[in-house]
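Number of protein chains: 2
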Amino acid sequence: MKTPVLLMDRTRILQNYQDIEKALPDFKIAYAVKSNNHPEIVNILKRSGSLFEVASLYEIENLLSMGIEPENIIYSNPVKPPDDIKSAAEKKVCVMSFDSVTELEKILPYKDNVKLLFRIEVPNEGSLWPLSGKFGCPSKLWDKIYSYMQKHSIKLSGITYHVGSQCENLPNFKSALLETKKAYQLAKSYGLDPYILNIGGGFPVYLGREIPPIKQIAEIILETIEDLKKDGVVFTEFYAEPGRFISGSAGTLLSKVIGIAERENNKWVFLDTGVFSGMMETVDGITYPLLSTGSGKSENVMLCGPTCDSMDKMFKAMIPNPKVGDNIYFSGAGAYTTVYASDFNGFSRPDITFLDSVDEQLPQEADLENHSEIAS
Amino acid sequence: MKTPVLLMDRTRILQNYQDIEKALPDFKIAYAVKSNNHPEIVNILKRSGSLFEVASLYEIENLLSMGIEPENIIYSNPVKPPDDIKSAAEKKVCVMSFDSVTELEKILPYKDNVKLLFRIEVPNEGSLWPLSGKFGCPSKLWDKIYSYMQKHSIKLSGITYHVGSQCENLPNFKSALLETKKAYQLAKSYGLDPYILNIGGGFPVYLGREIPPIKQIAEIILETIEDLKKDGVVFTEFYAEPGRFISGSAGTLLSKVIGIAERENNKWVFLDTGVFSGMMETVDGITYPLLSTGSGKSENVMLCGPTCDSMDKMFKAMIPNPKVGDNIYFSGAGAYTTVYASDFNGFSRPDITFLDSVDEQLPQEADLENHSEIAS
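Just so you know, the sequences run in chain order H and S.
First residue of the first sequence: 2, per this note's numbering; consecutive thereafter.
First residue of the second sequence: 2, per this note's numbering; consecutive thereafter.
Worth flagging that the hints you see were computed from the coordinates, not collected in a lab.
One should not assume that every hint holds.
The list cannot tell twin chains apart, which means a pair is met if one copy fits it or any two copies do.
Said to hold, decoys possible - Pairs of lysine-lysine residues, derived as DSBU-like cross-links and limited to a Cα-Cα distance of at most 30 Å, are as follows: (1) K92 <-> K156; (2) K268 <-> K141; (3) K156 <-> K324; (4) K145 <-> K317; (5) K314 <-> K87; (6) K112 <-> K182; (7) K3 <-> K112; (8) K314 <-> K183; (9) K268 <-> K116.
Model the full structure from these sequences, guided by the hints.
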């Protein structure tokens with residue numbers, strides 16, 4: 002088999018979608034396309050009834066061209082190029098986020114055509130990629146935001162946050178909602194009336210360490226939402242935006258050993274995939290569970306990619322006595338791998354191969370098309 | 002102007018090439034294609050008489066398709082996929098590096114068709130991207146390498162090293178040669194007869210800090226080579242492999258401010274280019290000198306890219322009161338930017354625009370073709 006290649010499991014994509022849909026029954030699930038934008042994944046999720054979360058106009062145009070309805074797209078990037086806001090509004094992609102006054106200034110001309118979600122800062126401890134700092138308005142600045150909205154008669158449709166990508170820390174899912182409660186109550190005092198709650202993503206996949214199962218995460222979220230209701234914090238529309246949770250565990254990256262070099266105190270194993278051809282997240286410390294087809298006594302080796310770049314090293318792992326030609330499988334690699342890849346040094350990005358079929362478990366494309374024609 | 006865009010200066014590419022060629026008169030200059038593989042750069046350098054340094058078979062095939070002769074290509078990746086070694090040898094790309102016994106095992110079937118350069122480990126302190134660790138055989142293992150070569154009658158054509166990318170530390174250029182002396186002398190004791198010296202790259206460009214000028218770096222190198230001769234360490238063929246030095250300072254990246262967000266203690270300025278669309282080296286701490294078209298009181302802001310990814314933040318910089326729509330120019334950005342870029346989140350990679358012409362200063366393509374026909 003030509004390597005590197007990302008082996009994707011259609012059944013698992015569908016199962017992951019159904020698991021989170023079942024765990025969060027009142028929620029609309031919007032797949033974060035940025036985690037893996039392969040048309041086949043989009044197609045499976047479209048047929049399953051999923052919504053889609055996007056970060057850019059390009060992603061919007063791409064989804065529309067695949068027959069996704071604009072009302073099924075959430076534009077969750079809190080900072081958008083000005084022209085892209087205009088285009089999105091024209092294309093009737095209405096639900097969008099913001100977290101600064103500057104963003105509201107850009108959105109102002111289209112305020113009556115959009116549903117705005119205020120992205121607030123929430124604790125990100127314990128997530129592998131904390132998103133606070135770059136995104137999310139800190140509570141000290143909420144008054145400024147709400148004053149601006151009040152002054153310019155901008156409606157607030159909802160509140161959103163992100164607990165951080167691959168959030169392995171259960172309490173974060175609750176503390177984010179407690180912050181939301183404060184943001185909601187303050188909004189009310191400004192005469193604003195948020196009714197949408199978008200809890201973002203961050204639902205973790207297995208990457209070698211114990212993680213809370215989705216059912217447990219969902220229970221905490223649903224319980225806290227009930228508690229909020231008792232305090233008069235009532236939302237009527239709910240969204241969740243899983244990306245990695247749906248595509249991550251459905252993908253296994255297959256790579257080949259191309260070289261082995263002894264260095265002073267350790268052995269380096271060179272693979273035909275590396276940081277620039279998919280394994281970018283290893284730069285930030287991620288490690289993937291792996292399986293080698295080699296045999297012999299296991300050794301602790303440094304895994305690295307094929308380029309001449311020193312940044313192209315991954316992580317240390319125990320593998321049986323490595324040999325050129327051994328296959329290495331990395332699990333949990335369906336998300337944030339191929340989408341990060343470049344052709345740096347001329348080494349090709351992984352192809353994506355789908356392993357199975359879910360056709361029998363899903364309505365056909367044609368049925369869906371019919372359905373939307375009748376509906377419109 | 003559509004942004005982001007990399008503005009490339011043809012005159013500067015040519016000037017950089019001529020500067021290093023003049024500073025190192027006995028050396029053949031081989032441009033490291035991986036730093037920026039745009040065909041226009043390759044074309045200018047081909048017409049100037051440059052050789053090319055490559056990291057992969059894809060780069061070889063690409064250069065051959067552009068009319069570069071195989072003897073003008075150096076395959077300097079010390080760890081190569083087995084099939085690619087075979088293909089390179091068949092295509093008569095003969096000069097290649099190695100730094101491990103495993104690599105020699107892969108090269109063994111082609112040993113009589115290749116010229117092998119032994120990549121040794123040298124001090125990398127003071128370079129922004131130390132390459133030791135991943136590449137370069139440590140001195141403790143040289144005996145093992147040389148024994149293997151002796152046993153299998155593999156010829157050693159030369160010695161090579163790399164002081165590390167963007168090496169701003171002048172003494173490294175000397176200490177690498179002192180290591181080379183030891184490797185040369187040990188090789189001789191095994192009956193090996195290296196005659197090529199390939200000093201790799203690492204020649205720095207201005208990125209806001211004082212750097213040694215190329216003339217000064219070259220003087221140290223040439224003096225040390227003379228000293229080595231006195232000790233019987235005599236090379237007769239010399240190569241240098243500049244990449245960033247040729248393409249880096251010839252490129253200015255133009256980006257636009259798309260958003261501004263106040264956070265607790267600082268301001269974040271969102272640009273339409275970021276870590277995934279060219280500015281990958283900022284992850285490792287590089288900062289580019291920059292110019293903003295904004296006006297007003299300068300502020301210390303965090304620059305970040307347009308994606309929803311938390312890794313997509315660059316560095317803090319002083320810029321005049323930022324506004325949406327301001328242009329930001331980053332200088333020294335011609336190397337290791339566009340080649341790293343992906344389309345992550347659907348944000349497009351920078352286009353490359355060439356600003357000027359050097360046609361009058363160079364022989365025409367046709368002349369070169371003629372010349373090589375006569376020569377062959």
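Structure-based check of all given hints:
For the identical chains of this complex, K92 and K156 are intra-copy neighbours only, at 20 Å inside a copy versus 66 Å across copies, given an alpha-carbon limit of 30 Å. Taking identical chains as interchangeable, the C-alpha atoms of K268 and K141 lie at most 30 Å apart only when they sit on different chains, with a minimum of 14 Å there against 51 Å within one chain. Proximity of K156 and K324 under a CA criterion of 30 Å is satisfied inter-copy only: 25 Å between copies versus 62 Å inside one chain copy. Taking the shortest alpha-carbon separations for K145 and K317, only the inter-copy value of 25 Å comes in at or below 30 Å, while the best intra-copy value is 48 Å.
Proximity of K314 and K87 under a CA criterion of 30 Å is satisfied inter-copy only: 25 Å between copies versus 41 Å inside one chain copy. Taking the shortest Cα distances, K112 and K182 sit within 30 Å of each other inside one copy (24 Å), while across copies they are farther apart (71 Å). In this homomeric assembly, K3 and K112 come within 30 Å of each other (Cα to Cα) only across copies, at 26 Å, whereas the closest approach inside a single copy is 51 Å. For the homomeric pair K314 and K183, the shortest alpha-carbon distance between copies (29 Å) is at most 30 Å, but the shortest distance inside one copy (44 Å) is not.
For the homomeric pair K268 and K116, the shortest alpha-carbon distance between copies (26 Å) is at most 30 Å, but the shortest distance inside one copy (55 Å) is not.
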